[in-house]
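Colleague: In the order they appear, the protein sequences are chains A and B. Using my numbering, you'd call the opening residue of the first sequence number 1 and step up by one each time. Using my numbering, you'd call the opening residue of the second sequence number 615 and step up by one each time.
Don't take each hint at face value.
Heads up, simulated DSS-like pairs for lysine-lysine below, C-alpha to C-alpha not over 27 Å straight-line [said to hold, decoys possible]:
#: 1; chain 1: A; residue 1: Lys285; chain 2: B; residue 2: Lys657
#: 2; chain 1: B; residue 1: Lys630; chain 2: B; residue 2: Lys660
#: 3; chain 1: B; residue 1: Lys667; chain 2: B; residue 2: Lys636
#: 4; chain 1: A; residue 1: Lys259; chain 2: B; residue 2: Lys620
Calculated from the model, a selection of chain B residues having no Cβ within reach of chain A, i.e. all distances over 12 Å [said to hold, decoys possible]:
#: 5; residue: Val616
#: 6; residue: Lys636
#: 7; residue: Ile637
#: 8; residue: Ser638
#: 9; residue: Gly640
#: 10; residue: Thr647
#: 11; residue: Glu650
#: 12; residue: Leu652
Among the chain A residues that face chain B by a calculated CB cut under 7 Å, a handful are [what the hints assert, rightly or not]:
#: 13; residue: Glu237
#: 14; residue: Leu246
#: 15; residue: Thr249
#: 16; residue: Asp461
#: 17; residue: Gly465
#: 18; residue: Lys480
#: 19; residue: Asp512
Keep in mind the hints are simulated off the structure, nothing from the lab. From a predicted model like this one, the values you see are computed outputs, not experimental measurements. Ideal Cβ positions, reconstructed from N, Cα and C, are used throughout, including at glycine.
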Amino acid sequence: MGNGYWQKTLRVNLTTGDIRVEAIDEKDLKAFIGGAGLGAEILRREIPEKIDPLSPENLVIFATGPFQGPSVPGGAKFSVVGISPQTGTYADTAAGADWGPAIKDAGYDIVILEGKSPKPVYLQIIDDDVQIKDAAAIWGKDTFESIDAIRRETGDDKLSVATIGPAGERLVAIACIAVDKHSFAGRCGLGAVMGSKNIKAVAVRGTKTVPVADPDKLKELIKKYQKQIHDTAVENELRAHGTPGLCETAEGLGDMPIKYWEQDTWPEGAKKLGAPNYTEQLNAKPLPCKFCPIGCHRQVSITSPEKYRYEGIGPEYETLGLMGTNLLIDDPKVVTIGNDIANRMGVDTISVGAMIGFAVGCFEKGWLTTDDTGGFELKWGDADTLLKMTELIGLREGIGELFAAGTLAAAKKIHPDAVEEVAHCKGLDFPSHDPRSCISLAPTYATGTRGACHFRGPCEDVEMGGFYLPEVGINEGDVKFFEQKNQSLVASKCQDLGVLCNSLVLCLFMIDGGDWTLTGLTEVFNAITGWDFSVEELMLTGERGFTVQRMNNLRDGYDASSEVMPKRILKIAKEGFRAGKEIPFEAMMKEYYALRGWEPNGAPCEETLKRLSL
Amino acid sequence: MVVNVKLMSLFAKYLKDYPDGKISLGGTATVRTLAESLDLPIKRVKIITVNGKQETLDKSLSDGDLVYIFPPAIGGG
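Make a model of the complete structure from these sequences and hints.
Modeller: Here it is in structure tokens:
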């Protein structure tokens with residue numbers, strides 16, 4: 001009988017070429033589950049304080065959990081953990097496609113990359129055969145070319161490949177990791193950490209099956225929940241329209257970024273970018289990750305105009321926000337091309353869109369000129385601004401050099417007043433959700449262990465009616481827009497959920513979109529592991545993981561003083577749904593700290609650490 | 615009474631027979647009455663505003679009210 005884990009870490013020292021397999025203690029799995037929780041604990045144990053994220057001291061930890069072996073709905077995911085070059089903080093980022101199940105099938109739960117290779121390499125893992133291979137012929141290629149080249153060179157078209165693009169090689173702080181031309185570990189720049197280690201890609205195929213505790217029960221549960229989640233996603237149209245279905249709701253409720261968070265409303269723009277227009281204009285179809293009953297990703301096809309002819313993956317809601325409404329661009333075809341350039345260069349579409357919006361604002365103020373851009377003007381609503389800037393930032397060429405270390409670092413160089421114009425927490429650009437609308441996002445962003453992130457705590461979707469967590473006391477009607485009551489509770493529980501999901505590793509959309517309950521996923525967890533966790537115990541592992549992520553940040557000097565809202569976001573709207581509304585930030589943070597059991601300086605109290613067995 | 619209705623995004627199709635968004639309702643009516651009359655999937659009606667303020671299905675409507683009904687936000691990633 002197994003427990004869904006191999007209890008094996010593959011550790012690769014890129015400096016020495018040493019490859020070894022280490023045992024994982026079951027005690028650590030029960031405490032942290034895997035993925036981002038266990039990755040954070042490994043980081044806490046292994047790295048010294050305040051390292052340079054682009055130095056050989058940093059680690060890149062590819063971590064799975066118990067959900068990657070069997071065909072759990074939403075389980076084709078993995079986390080990547082390290083210190084972010086964009087923020088200097090703890091970071092984890094996740095992707096789908098096939099890589100998570102592939103590494104599990106190869107016989108490992110975790111892969112740790114350490115040190116720095118003397119020359120460009122990629123790692124090939126086929127079961128027990130692990131090789132560090134020369135990447136001279138692949139270095140310089142974009143992410144899609146890299147995946148093709150590795151499959152061609154190895155003659156193995158079933159390899160799942162996680163690769164960086166030119167941005168990662170050139171240490172652009174917002175560089176992502178692309179997986180199988182389908183999914184992207186996008187945020188926090190861990191692609192640049194791979195680049196700093198001279199590793200282009202990790203290519204994996206496996207032929208093993210990890211044993212689970214109760215295969216018959218698991219099969220029955222998976223069948224039941226696959227159907228239930230699929231039926232829900234058909235009914236709520238997440239399958240038919242993907243995340244672009246959110247645009248008009250988000251804009252209508254003041255949640256979407258417009259003109260780099262300056263404009264309060266733009267309903268006509270959101271309508272054009274969002275579904276159903278998106279689905280019709282782009283002939284969009286579901287593009288599921290492995291084992292996924294929802295299929296939120298989009299396969300799109302553009303046949304005209306000729307200059308935007310395209311076949312491939314389409315932009316998500318987040319990208320429609322940051323590359324669309326944020327730049328006053330309302331054409332989903334333009335955003336599709338911008339998205340494709342970012343994907344191929346290997347940069348986070350959220351941060352690159354944010355950077356461009358920030359840059360256009362600076363251009364308007366005269367802080368940037370055509371001397372900085374190499375001759376072209378930066379304008380709102382301009383496709384060329386988006387497409388040229390995305391390429392230059394990805395290639396770290398021209399004005400891209402100015403933005404190579406992130407928006408905040410660029411602002412410091414651009415103008416003394418520019419720093420206050422950046423919408424960020426801890427240096428991570430805001431995603432497409434506005435804490436002036438969904439106020440539970442304010443403590444979520446401020447205390448986010450990787451900075452401003454809506455997906456390490458999807459509280460905004462609780463506020464906007466998307467899902468609830470009745471097992472932990474989050475029910476319909478518990479929060480109302482702009483009212484403080486219960487918002488900090490929702491924020492903290494959603495953060496714990498975020499860490500739990502990124503530890504299992506489970507796509508959050510199974511819950512936020514598929515209505516999978518915590519009770520249901522706990523049943524599956526117990527059938528895999530043979531353990532007898534309650535929902536509360538499983539959620540506690542999320543809180544524990546979140547706390548360890550925070551302890552990494554506290555070690556490196558990110559205490560309560562780093563938990564602020566940027567000035568740009570404190571500006572009160574004049575029109576629209578959130579007109580005249582203010583975030584009760586200080587009061588919410590006070591309540592949030594009390595719920596968490598933290599000292600005023602941000603450190604967890606002794607009793608809190610004891611309760612979490614830390 | 616006549617209320618002005620805006621159904622957003624994936625709900626817009628439930629208003630296709632009323633291009634001006636004006637819906638006549640008899641006697642006393644709530645948002646629920648309105649949603650039912652338009653065949654909206656009640657289970658998915660979570661976010662409602664009436665004259666710019668968040669309300670529930672049980673909110674009583676008055677002549678001239680401006681009602682927005684949004685599909686819930688799912689898949690915020």
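Colleague: Give a verdict on every hint.
Modeller: For each hint, the structure was consulted:
no. : hint                  : verdict
1   : A:Lys285 <-> B:Lys657 : holds (25 Å)
2   : B:Lys630 <-> B:Lys660 : holds (21 Å)
3   : B:Lys667 <-> B:Lys636 : holds (19 Å)
4   : A:Lys259 <-> B:Lys620 : holds (24 Å)
5   : Val616                : holds (22 Å)
6   : Lys636                : holds (19 Å)
7   : Ile637                : holds (18 Å)
8   : Ser638                : holds (24 Å)
9   : Gly640                : holds (28 Å)
10  : Thr647                : holds (20 Å)
11  : Glu650                : holds (18 Å)
12  : Leu652                : holds (17 Å)
13  : Glu237                : holds (5 Å)
14  : Leu246                : holds (5 Å)
15  : Thr249                : holds (4 Å)
16  : Asp461                : holds (5 Å)
17  : Gly465                : holds (3 Å)
18  : Lys480                : holds (6 Å)
19  : Asp512                : holds (6 Å)
The structure agrees with every numbered hint stated previously.
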